[in-house]
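Peer 1: Sequence:
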Amino acid sequence: MWAIPSEATIVALDRGFRAGGGLFTAWVQARREDEEIRLARMATREFPGLGGLPPMPGRTVDATREVRPTDRRQLFEGMGGLTAAAVLAATSDVRDQLDGARPKSFTVTELELQLADLQRDLWSVAPAVLFPPAFEAWQQAEEMLNRRVLLPAARRLTLIAGNFSSRLATISRFGGDDRLGRRFADIAQEHATAAGDPLLTASLAQLQSWIAMDAGHWTVAADHAARGRQAGDPSAHARLAAYEAAAAAEAGDYVRASEAVSVMRSGMSAALKGPQVWGDAEEDLYLAMAAAATPGASQKAIHHGTRSAEEFRPGHDNQGIGLARIAVARGHLAGDHPAPDAAAVSGIAALDAVADSPNAVVEQRARALHRQLSPWPSEPLVQELGSRVAAV
9 MWAIPSEATI VALDRGFRAG GGLFTAWVQA RREDEEIRLA RMATREFPGL GGLPPMPGRT
69 VDATREVRPT DRRQLFEGMG GLTAAAVLAA TSDVRDQLDG ARPKSFTVTE LELQLADLQR
129 DLWSVAPAVL FPPAFEAWQQ AEEMLNRRVL LPAARRLTLI AGNFSSRLAT ISRFGGDDRL
189 GRRFADIAQE HATAAGDPLL TASLAQLQSW IAMDAGHWTV AADHAARGRQ AGDPSAHARL
249 AAYEAAAAAE AGDYVRASEA VSVMRSGMSA ALKGPQVWGD AEEDLYLAMA AAATPGASQK
309 AIHHGTRSAE EFRPGHDNQG IGLARIAVAR GHLAGDHPAP DAAAVSGIAA LDAVADSPNA
369 VVEQRARALH RQLSPWPSEP LVQELGSRVA AV
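According to the working numbering, the stretch in the sequence shown is residues 9 to 400, in order.
Hints in this document: simulated from the structure, not taken from any laboratory.
We put the CB at the ideal spot given by N, CA and C, even for glycine.
There may be inaccurate statements among the hints.
[Claimed, not checked] Pairwise CB distance ranges, derived in the manner of DEER restraints:
id: 1; residue 1: LEU47; residue 2: ASP129; range: 31 to 39 Å
id: 2; residue 1: ASP194; residue 2: PRO346; range: 36 to 44 Å
id: 3; residue 1: GLU387; residue 2: ALA136; range: 29 to 37 Å
id: 4; residue 1: VAL137; residue 2: SER395; range: 25 to 33 Å
id: 5; residue 1: VAL263; residue 2: PRO322; range: 30 to 38 Å
id: 6; residue 1: GLU43; residue 2: ALA136; range: 55 to 63 Å
id: 7; residue 1: VAL400; residue 2: GLU151; range: 35 to 43 Å
id: 8; residue 1: SER14; residue 2: ALA239; range: 54 to 62 Å
id: 9; residue 1: VAL137; residue 2: SER14; range: 49 to 57 Å
Full structure from sequences and hints, please.
Peer 2: As structure tokens, then:
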């Protein structure tokens, strides 16, 4: 286990340093101790009942308590027959465990880089492509945590596993498997509680809010977002307030929605410094989503939704573009003079936005939009939207 020099090396070193046999003597002692530790490990592993190595004949403490040359190896003989070599063997085993509990920094760093790539691609790559490598990375992090892990590494791995769980929940939702999404969200919640990290806490609140919105539980969604701001990192407050505004408007609580919009706008500067992307496109999107559910705000929904769809990057922010187009479509239906053809065009554009990266959230809202267009079944564009929805 230890790098003990060879016989030829130690003789050469002793002569080279003119140690007069001093280095050689220390080397002999180290070799003896190394051999005893090795044998003690074998005894502990193969014959645990022995309590370590048996004492060598004549090398112990006699009745008169005369100290023999190796007495220091028998310090614990009166305490269960332990020898210093046996104790050293046991502590060496623990040392090995602790070394193993310190994950290779390269591996952990690789997981963090993979997590960053996953976050970058979350809105633009098909769930079927994203899920397998993310799931494998999550399993790797969980396996590391299941072993004995030192506290600094444990916290780092807990954050990695928690963030992968959160992203896997999102990918599962995008793929249309809500049950799997909820399962990963539950696991992410455990890691967020263990880590006590404000960014992970905020990320989980966003996830819980969206899950509730997907289920049509608007007030619950707004509450998740509001609670997330209390414990979450300030850089996430704008996004959480945006979720609260959209959900509160859907629930018919327009005063709460307006207040949340104010919080969203005031949080822009902090959001720009955070790890999650937040800018004009995101702000316009949630202004449009809230307006689409607010009576008398149809033109606002069309304005902000159109602007948001143009601000997002095609091929990168596919979900954002799709949701913005749905908000525009709802705006076209909410005014005094509904325009079903324009609403259908926006709905088709929403589905086009996620054609290369299927997204159940956008698809679900496009399906709901088509139901809203049921009073105009003969409109060709409405029929086209219906065909597109049916093909999903």
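Peer 1: Hints first: check each against the structure and report whether it holds.
Peer 2: Consistency of the hints with the structure:
1. LEU47 x ASP129: 31 to 39 Å: This hint is violated: roughly 55 Å between Cβ atoms.
2. ASP194 x PRO346: 36 to 44 Å: holds (41 Å)
3. GLU387 x ALA136: 29 to 37 Å: holds (34 Å)
4. VAL137 x SER395: 25 to 33 Å: Holds - the Cβ-Cβ distance for VAL137 and SER395, about 26 Å, lies within 25 to 33 Å.
5. VAL263 x PRO322: 30 to 38 Å: holds (36 Å)
6. GLU43 x ALA136: 55 to 63 Å: holds (58 Å)
7. VAL400 x GLU151: 35 to 43 Å: holds (36 Å)
8. SER14 x ALA239: 54 to 62 Å: With Cβ atoms ~60 Å apart, the hint holds.
9. VAL137 x SER14: 49 to 57 Å: holds (54 Å)
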